[in-house]
Amino acid sequence: MNQIEFEARHEDEWNRLAQALDPKNAAAAGAPGTARVPALFRRLAAQLAIARDRQYRTSLIDRLHALVVAAHFAVHGARIRRRGGMITDLLGFFLREFPAEVRRQWRFVAVAALAFGIPFAAGVIALQWYPDFVYYLVAPDTLSRVQAMYSDDSMRFGAERGAGTDVKMFGFYILNNVRIDLQCLAGGIFFGLGTLAVLLSNGVFLGAIGGHLTQAGLGRNFWGFVAGHSAPEMTGMALASAAGLMIGYALIAPGRKTRAAALRERARPAAVMLYGAALMTACAAVIEAFWSSRVDLPFELKLAVGAAVTALTVAFLALGGRERGP
Amino acid sequence: MIDTLRPVSLPEGVEITLQLAGPVSRARAWFIDFACKMLLTMMVPPVLRLLGEAGEGVTFVFLFLAWVLYPVLFEALWSGATPGKRICGLAVVNSDGTPIGWSAAFLRNVMRMADMLPIGYAVGLASMLLDRHFRRLGDLAAGTIVVHRAPARAASKFTLARLPPPVAPPTALLPLEQRAVLDFAERRRSWSDERAAEIAEIAAPLVQGRTGADAVDRLDAVAAALLERQ
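Top line first, the protein sequences correspond to chains A and B.
Going by the numbering used here, the first residue of the first sequence is number 1, and it counts up by one from there.
Going by the numbering used here, the first residue of the second sequence is number 1001, and it counts up by one from there.
One chain only, chain B, in its complex shape (with noise of 0.2 Å):
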């Protein structure tokens, strides 16, 4: 199956899995942080200007460090990610989701320079395709990912009092079964009627032959009695 999640396993002794960042949402930060480079770029040596010709040197030395240093400084100092990719939501972590440091860091945006080949990212992006961890040059030789930063969403609030009385399973379940079930009775307040009452009719082992409203009731029953299972 192709996927883009990667599994690591933790020394605490559980696994964990890493959602890596496409070509397409690394080239919208891209986009961005390139937005912000040209905004610096145009806006601050006219101000050095002013200077005179002290300006001008200040202005070379202040491109470099537009240019060059920017995703580095940004990347180490600031948890991973320029204000692109902390706008999309991306980091760069070490490939087992650690922080990255200062020669990870250096050594990805040294190698940017062989991904930019021969125009417009072209050695990045086969080298992305390629990999199953769409990573670029510059990330195979630091040995870092970049990956989507998912908030820790609260689970929602979902209590007994709004379901009716449990009513035990009339078959078995296999454990998939049993989480389909409790999340059927979570998200089902967030469609319709009439498309709660078609999905569990498919569960006709547990809702044995009841249609429409009385079906979500059955399986609401059926996922109370799994949720007070010891």
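Next comes chain A alone, as it looks inside the complex (with noise of 0.2 Å):
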């Protein structure tokens, strides 16, 4: 056969191909033409391997191996499609994958909610017995503002702040949640001591505001604004420093690979983290915008919600993403 002759016989498939390949046509996924893509397509890369071979003329061979890589991007896409489209795989991915990721680096998780919540839970039991000690970790003028922040007053008029107030501070609080997020990731890249120092300042600060209003006897304001949000807007500060101390354990301990390759892999199980907790910290901040917020609830309310929101969060961490068995 000879070349005027091959593309004569080929000419009518290529042009189907196109067609079907064509992005006016590739919307309506399952048109007619379609299903015979893969079969166009693997006769198609016999044909190129031919005209290569035969050395035809080099238009052909291009206009054959753009259709070549036309049809490899459609078909890899096409299978993604049958998954069930994006919008399902983005949903595997914050249902499945990400709570499964969770799970198997839960050492690094669990040593961030430790640098967390060690100075935490040590500055709030520290203050009930030593009051004035908050004065050497919180500076007087932060400590008078905070406590006039959770003071009888403010809580009674908060009740009057309006729907509008409730929307500015959900997108004031986001941006700040997802910016302290950013800072435990990015410490990372220091050997994970930004991040460290990040997780330890904010539990000593967090934990001498809690216990000094707590000692000052302004708790039941106090507990009852963060128990609403703290579960997922802690857990979502834990997984982004959990992100960023991989990275950091990835160029202190690299193992037998170079620093480079062993950040590489760690970057993809550390990035899924880190949408991760930008979800968890997302959901912390409707949480702490419209319900928190709130001062017309009683105080046994909003610490049962704060309850069964930590479970909730523990349960889908703990749970989620598992495979049945057969």
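Since the hints were derived computationally from the structure, they do not count as laboratory data.
Just to be clear, a hint being listed does not mean it is correct.
[As the list claims (entries may be wrong)] Example chain A residues on the side facing chain B (calculated, C-beta under 10 Å, incomplete): (1) I4; (2) Y56; (3) D132; (4) L175; (5) L274.
[What the hints assert, rightly or not] Reference listing, derived: stretches of chain A covered by chain B, where coverage requires no fewer than 3 residues with Cβ under 8 Å from a Cβ of chain B: (6) 111-117; (7) 202-216; (8) 265-272.
Glycine included, each C-beta is placed from N, C-alpha and C at the ideal position.
With the hints as a guide, dock the two chains, each given alone in a separate frame, to form the complex.
Put into structure tokens, the structure is as follows:
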């Protein structure tokens, strides 16, 4: 067969494939013609190999090559669509991949949680016995500002806060919390020390505030406010920190790899954790803006809801994304 | 040889070459995206401000979406291209030429923060210049590359009717030489006659001392013979 016959024989096939791959038709995944794409693609691959081997004209080879590249992209894109499309993929990412990754990296999560939890708990407890110690930890004017924020007066006025303010505060919280998450992650690049520093300082600061307000008799205001959103928010921070610690650990102990290779290997799980952390933080911001700020609700109800949210968070991370056995 | 092509072997038993995009074309796409984001940043908040305090909160969230999730959403949902990349004919693909998914889109855009350091994507540029495939740190981490998406052009029509009667080449031709002759016959109509003659005369063993239009006709005749070879 010479080149002219070769082109004449397959021209029709190539046009059909090109038409099926046209983005204008691609939207209709079930359109007639798309079902034949894989078979046409395999034949086309063989035809390109023949055209190359026989040194047919360059423009023909270029055309067939471009068609192969487009078909390759389309066939593998179709595989994603078969799984239910990108939206289903996104849900799977958050509902399955993310909790599974958290469990796989539980050591880093535990270190991050302890680095925050220990100074926090120690601060709260120590200040019950040695109240003046708080002045070593927090500047006096910061302390008085916080105390005013949680005083009974401001709590009463808070009830008149409108829905508009809630939305405004939601935007503010989400940006602020994401900023802290990013700090925790980025600190990992300094061998994890930056992450630990952020965790410890936040733990000490919040522990001092919590301990001081409890000791000053404003405990119901403070704990009632933070109960609802603290579980997802602290989890988000711990996960972002765990991602930072993973990066730091890859730099400290790369094992039998170069540091760059170790870092590259950690990058994917770290990114999964970070985006999961961002989701948690966003949930926390919703609760903080629309629920925690309500002062017309009894303290006990707020604690109960806080406990429920905590249980839900723990259950999601502990149980989510497990495969059912056969 | 320095080349911006990346060969990939497909399971279908054929090799494709992906055309990698360099720093300049990617910077151009980035500028278009930047302009889009700036436009959104300037146009939308004044509208949202009409909603009062709630609008302020929505503005925060909107800006966050516009600046952080813009590349992620477009690259994951729109065949690997932000509007800027699409206008410049670029696309993000996995290093084997398949479309990227969410985790790759997330990862390469998280790492953007590192690439932006210390100013104006200096780290990303250094990484692209050092890497064989023009990958910035985000691409290295996510295993992605940015390629030129070439449109599948139709091969130009060129039929025997427009060629003189075939003349077998007087000497044996190497495969690449055969292809050069075919390409000459195909493309010579895009040159002036003088330029075509000039090129044809270079193939001295084939045109055997002919010059000008004669040389061109002889080379065409050889091309016709090559087209008919079995």
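Query raised in the report: Of the numbered hints stated previously, which ones are contradicted by the structure, given in increasing order?
Result: 3, 6, 7
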